[in-house]
Amino acid sequence: MMVPTSAQSSIVGHRLMLMALPVHRVEWSVHASGVADISVIADALTWLIGDEKLVEIENTKSFHGSPMYILHADAGKKSTARQAFPRIGVQLMEKLSSSLAERIDDENWLHLRLDLDELVCGRVVLAGTRDKAECVKGRVKLEIYPNDKTEDVASRLLAEASEIAERKGFPESATTDVNNE
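Residue numbers (my numbering): 1 to 181.
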């Protein structure tokens, strides 16, 4: 049975929209002092990862004994990671694309740091390499197979995630209160 050309293009177009992002997992972590407003940071990480069940808070002590918190947001499943990564937004992905080579390590992790102060205010901004401000450390495990070029896969991830982010309007404000309280 022959499928008409217009139907073929819509099928192909539909298939492209369903193509999976080449990512295994997404991790975010924050080291915060004992006097930080942990609920605000946890809310920002929840927004960033997309699910509050994926955010863990560890109460610990620093090397010198002062109280501190370590917050982790981990999208360890491919499906969750594929939903979480586009949340950083188109503009940030454009900035990342200009520095991919220096952000990918030997184990195919893409590294980035976000400015924590900006994130809790609802803005996703890369932290500068020399910034002294607190940051959110991010790692994205790329889905690499034999004969894949790591940088090409990372570029494809950013391009496809940008399309998703644009379609969904990411980033939304990280400070949006869903309960309108």
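To be clear, the hints were calculated from the coordinates, so they are not data collected in a lab. Heads up, a few of these hints could be off.
Stated by the list, open to error - Ranges between beta-carbon positions, derived for each pair:
#1 E107 - S66: 31 to 39 Å
#2 E102 - H64: 31 to 39 Å
#3 A133 - P67: 17 to 25 Å
#4 W109 - N59: 36 to 44 Å
Owing to the predicted nature of the structure, the values given are computational and were not obtained by experimental measurement. Glycine residues also receive a C-beta, built at the ideal position from the N, C-alpha and C atoms.
Which hint numbers doesn't this structure obey?
When the structure is compared with the hints, only number 4 turns out to be violated.
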